[in-house]
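Undergrad: Listed below, chain by chain, are the residues.
2 protein chains.
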Amino acid sequence: MKLPNIKENFADWYNEVIYASELADQSPVRGCIVIRPYGTALWENMKSVLDEKFKQHGVQNALFPLLIPESFLKREAEHIEGFAPELAVVTHAGGKKLEENLVIRPTSETMIHFMFAKWIRSWRDLPLKINQWANVMRWEMRPRAFLRTSEFFWQEGHTAHLTQEEANKMVLDILKEYVDFAENYLAISVITGLKSDAEKFPGADYTYTFESFMPDGKGLQMGTSHLLSQNFAKSFDMKFQDQEGKQSFPYLTSWGVSTRLIGATVMAHGDDKGLVLPPKIAPIQVVIIPILKKDANNQATLDAAYKIKDSLIVKGIRVLVDDNDQQSPGFKFNNWEMKGVPLRIEVGPRDLENGQAIVADRLGMNKEAVVLTNIINYSEALLLKVQKEMFERSKIQQNKMLHKIAKLSEFGPLLDTDGIYIKTGWCKNPACEKELKNFKASTRCLLQTHELVDCFYCGEKSKGDVLVARSY
Amino acid sequence: MKLPNIKENFADWYNEVIYASELADQSPVRGCIVIRPYGTALWENMKSVLDEKFKQHGVQNALFPLLIPESFLKREAEHIEGFAPELAVVTHAGGKKLEENLVIRPTSETMIHFMFAKWIRSWRDLPLKINQWANVMRWEMRPRAFLRTSEFFWQEGHTAHLTQEEANKMVLDILKEYVDFAENYLAISVITGLKSDAEKFPGADYTYTFESFMPDGKGLQMGTSHLLSQNFAKSFDMKFQDQEGKQSFPYLTSWGVSTRLIGATVMAHGDDKGLVLPPKIAPIQVVIIPILKKDANNQATLDAAYKIKDSLIVKGIRVLVDDNDQQSPGFKFNNWEMKGVPLRIEVGPRDLENGQAIVADRLGMNKEAVVLTNIINYSEALLLKVQKEMFERSKIQQNKMLHKIAKLSEFGPLLDTDGIYIKTGWCKNPACEKELKNFKASTRCLLQTHELVDCFYCGEKSKGDVLVARSY
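The listed protein sequences correspond, in order, to chains A and B.
To get our numbering, take the position in the first sequence, counting from 1, and add 185.
To get our numbering, take the position in the second sequence, counting from 1, and add 185.
I should point out that these hints are in silico values taken from the structure, not numbers from a laboratory.
Treat each hint with caution, since some may be false.
Covered, in the sense of this in silico footprint (three residues per stretch, anywhere, with C-beta under 8 Å from a C-beta of chain A), are these stretches of chain B [what the hints assert, rightly or not]:
{"hint": "1", "region": "225-233"}
{"hint": "2", "region": "242-248"}
{"hint": "3", "region": "270-283"}
{"hint": "4", "region": "321-335"}
Only pairs whose alpha carbons sit at most 30 Å apart, straight line, appear in this in silico DSSO-like list of lysine-lysine [claimed, not checked]:
{"hint": "5", "chain 1": "B", "residue 1": "K281", "chain 2": "A", "residue 2": "K619"}
{"hint": "6", "chain 1": "A", "residue 1": "K494", "chain 2": "B", "residue 2": "K500"}
{"hint": "7", "chain 1": "B", "residue 1": "K500", "chain 2": "A", "residue 2": "K240"}
{"hint": "8", "chain 1": "B", "residue 1": "K494", "chain 2": "A", "residue 2": "K232"}
{"hint": "9", "chain 1": "A", "residue 1": "K492", "chain 2": "B", "residue 2": "K240"}
{"hint": "10", "chain 1": "A", "residue 1": "K354", "chain 2": "B", "residue 2": "K494"}
{"hint": "11", "chain 1": "A", "residue 1": "K500", "chain 2": "B", "residue 2": "K240"}
{"hint": "12", "chain 1": "B", "residue 1": "K608", "chain 2": "A", "residue 2": "K240"}
{"hint": "13", "chain 1": "A", "residue 1": "K303", "chain 2": "A", "residue 2": "K314"}
{"hint": "14", "chain 1": "A", "residue 1": "K238", "chain 2": "B", "residue 2": "K500"}
{"hint": "15", "chain 1": "B", "residue 1": "K385", "chain 2": "B", "residue 2": "K580"}
{"hint": "16", "chain 1": "B", "residue 1": "K585", "chain 2": "B", "residue 2": "K608"}
{"hint": "17", "chain 1": "A", "residue 1": "K281", "chain 2": "B", "residue 2": "K385"}
{"hint": "18", "chain 1": "A", "residue 1": "K238", "chain 2": "B", "residue 2": "K232"}
{"hint": "19", "chain 1": "A", "residue 1": "K240", "chain 2": "B", "residue 2": "K238"}
{"hint": "20", "chain 1": "B", "residue 1": "K281", "chain 2": "A", "residue 2": "K625"}
{"hint": "21", "chain 1": "B", "residue 1": "K281", "chain 2": "A", "residue 2": "K281"}
{"hint": "22", "chain 1": "B", "residue 1": "K314", "chain 2": "A", "residue 2": "K232"}
{"hint": "23", "chain 1": "B", "residue 1": "K494", "chain 2": "A", "residue 2": "K500"}
{"hint": "24", "chain 1": "B", "residue 1": "K240", "chain 2": "A", "residue 2": "K517"}
{"hint": "25", "chain 1": "A", "residue 1": "K517", "chain 2": "A", "residue 2": "K187"}
{"hint": "26", "chain 1": "A", "residue 1": "K494", "chain 2": "B", "residue 2": "K361"}
One-sided and incomplete, this derived list gives chain B residues near chain A with beta-carbon spacing under 8 Å [unchecked claim]:
{"hint": "27", "residue": "D210"}
{"hint": "28", "residue": "V214"}
{"hint": "29", "residue": "I220"}
{"hint": "30", "residue": "L251"}
{"hint": "31", "residue": "L287"}
{"hint": "32", "residue": "M300"}
{"hint": "33", "residue": "Y491"}
{"hint": "34", "residue": "Q511"}
None of these values were measured; they are calculated from a predicted model.
We put the CB at the ideal spot given by N, CA and C, even for glycine.
Can you make the complete structure from the sequences, with help from the hints?
TA: And the structure:
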């Protein structure tokens, strides 16, 4: 199967590679996809790394109801305003009309805060740090696999703290873990910063985001970490007795990443031949292809392949021998390249005679003859090298796409060009931010720098630099 | 906290121990519970053992949509009849009334079969073996935590095979894994057999069940494995080209276990002091309690506790040091006994002087002084011993409760007595089976034996023995 040219038509390439690589399939329910075994294995690998990271911060997993009473969402005014248009509503159950409608959770702040109010009685119950791996639903009019679907999978962390300082620290600690995950596991370079008021989570005091820029220049919000307003704690009457015996409200955070990270990984690294998966999270890190001859005894070749497999497994490497005897080696090469498996080892009768095998890497598409006695060490080292190179390449690529331009009138029309995003100055007036909509762009995050002196639109003094781009 | 007496009031004991041990909490949505971190950790342990077992049979995980078009369920007549009264229905989404209602999956046969029909084109695509870990919804009028809740968590395996023999084998292979899991991990003795036609899965050719009998004599269906009727494959037009080039339909299986297994584990092993968890799946296998003295330097005690912890972790044992300095040792003992942690190690200054620590086991409530140099080996061996003893105890207990009685008129009234279930003979006429309802009982599973010659009701010839009980 041939994919659309990635440079000429990135959007079509993305849509097709998702299905051709068998990460996902379209489902009969509008806006929802089926995540196939290959995509599910990728997500499970991501989950297990993240889960371990959260546990190191004392976070524990729990499972909360899928359905939330409609009235819960209304308790926090900004929150319901943000989510109301996207809700899926259960009106009937058990053969009867419900007394109160239930919505499928678009996120679980309200449900979890209701429970927090039960569990937090005294300062001794704090901090309380909970995470949930769950499916959520936000009805989507223009779905795109992994990037925007009505149902998606994610983790949502929810914590409660005695002091605002401690809550701030939690928000930033998790952000740091997210960045480490993006850069050192997904091999995607990211930029962190605060969201503007217009772009932050409905009802949050502030939202930190980590953003990445795809090869077409569009920004992709990889995940967010929020300090919630005290209003959340108050609307669920989350009172507790503090150390002085006074009634007090805790400071709340929430933070999440989703299956969107699969989409990011596909876009950040893919090429004309398909996916290129970072070794650390690839479901299969090494595929071994025995070169089988028609009408011949292939046992020695197969044995050599299985032997390499066993040695790689001992090293903790995820490996598969493709011993299908109905498909040609060439067909298999294409298939596993499409699926982005980092390394391929070819073993044929002639290689074995020479005491070697061929190792090909998906990233550089190089082939190397390696003596069999060295093949395990070679593969192990190459996986590490590829992981590192993928991140370096992502960093260089994103730096190249960044353009520092002072005026919207100048950079606005350029946003139609592929592969461009903008650093500019902003006065922080929401009215100026709204002007970006004329170019289908938005602020992605506020930066700590102050290189541009004037606002991109009104020309007043800039209060700091901001990244502007179209986005997914 | 004191629990109701387990012998005198098993039902109340169960309801309270679930909450007192913090496995779960009540939620504001009728019929749904919150699974708290302790219960979630227990479920995650169960999941990881089962997941590994499924993978050994070539089963791969995938993720399918939560919502199913109402019309899908209607394609298989028995299927919709079985599930219609329990459905939760989404009628509105994205601010609009939907053109077709969507139901929250009560199980995913129909959705997964729709996808199977896309994926299975040729005999080369078979067997196809998929599993999904998911939340499902069956609206429940009389909910009980873990046993019957509107939303619950489970795995559902779905496979397609070229021949009926292969499908039969899959059904039985998985049943065998389930039994191994129940007996060797949950330490619960189970009995397997076919369900009667009235009790089988809606639309199945046959259903194998594995059943356990709780201390009150009630049967608990632990999980099931089905061969589905060809009607499922036909109603989703799941045609493929077989080896002779002819159009053919695959043979389908499905099988599942759920968070109900948590309820089973609680009931099968608990006592007046709370949970008793089998070591292999206990979230915490060993709790270490340093005996801290008020206004003293406790560093040596704490250091000793942490040292034991580190040595246990090296052995792969899940361990926690309860170093809270606000609670008394006695309070902690009760708390961890309530939570059913298999082993407790107490280390106090006097123990340390004697070069020993106290090891207490939750099952037998024995205490033993063990020299520190031997404590790791001792604990490891004791965990294994406890695991084995729990299963033996379960087997003995269930055997004791089994009564072989020929006539419903005789055993029917006895079912009001706690701790009784019945082996009897049955002619396989559904009319006789219905008579059991007068005693709130049902057939639990058909046995391979034929010890009783007459039917329990009509007196005609029995076609085989059957287990009868009240059930959860």
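Undergrad: For every hint, state whether the structure bears it out.
TA: So, going through the hints one by one against the coordinates:
1. 225-233: With 4 residues close enough to chain A, the hint holds.
2. 242-248: holds (count 4)
3. 270-283: Coverage by chain A holds for the region 270-283 of chain B (11 residues, Cβ < 8 Å).
4. 321-335: As far as the region 321-335 of chain B goes, the hint holds, because 5 residues have Cβ atoms under 8 Å from chain A.
5. B:K281 to A:K619: 28 Å, holds
6. A:K494 to B:K500: It holds: about 27 Å lies between the C-alpha atoms, which stays within 30 Å.
7. B:K500 to A:K240: 20 Å, holds
8. B:K494 to A:K232: 27 Å, holds
9. A:K492 to B:K240: The hint holds at about 21 Å.
10. A:K354 to B:K494: 29 Å, holds
11. A:K500 to B:K240: 20 Å, holds
12. B:K608 to A:K240: Violated, at roughly 49 Å.
13. A:K303 to A:K314: 15 Å, holds
14. A:K238 to B:K500: Within the cut-off at roughly 22 Å; holds.
15. B:K385 to B:K580: 26 Å, holds
16. B:K585 to B:K608: Roughly 12 Å separates the two Cα atoms, so the pair holds.
17. A:K281 to B:K385: 26 Å, holds
18. A:K238 to B:K232: 20 Å, holds
19. A:K240 to B:K238: Holds - the C-alpha atoms of K238 of chain B and K240 of chain A are around 26 Å apart, at most 30 Å.
20. B:K281 to A:K625: 26 Å, holds
21. B:K281 to A:K281: 20 Å, holds
22. B:K314 to A:K232: OK: K314 of chain B and K232 of chain A at ~23 Å, within 30 Å.
23. B:K494 to A:K500: 27 Å, holds
24. B:K240 to A:K517: 23 Å, holds
25. A:K517 to A:K187: 14 Å, holds
26. A:K494 to B:K361: 29 Å, holds
27. D210: Nearest chain A Cβ about 7 Å off; hint holds.
28. V214: 5 Å, holds
29. I220: Holds - the Cβ of I220 of chain B comes within 8 Å of chain A, reaching about 4 Å at its closest.
30. L251: Because about 5 Å separates L251 of chain B from the closest Cβ in chain A, which is inside the 8 Å limit, the hint holds.
31. L287: 7 Å, holds
32. M300: 6 Å, holds
33. Y491: 17 Å, violated
34. Q511: Given a least distance of 7 Å, the restraint on Q511 of chain B holds.
The earlier numbered hints that this structure contradicts are 12, 33.
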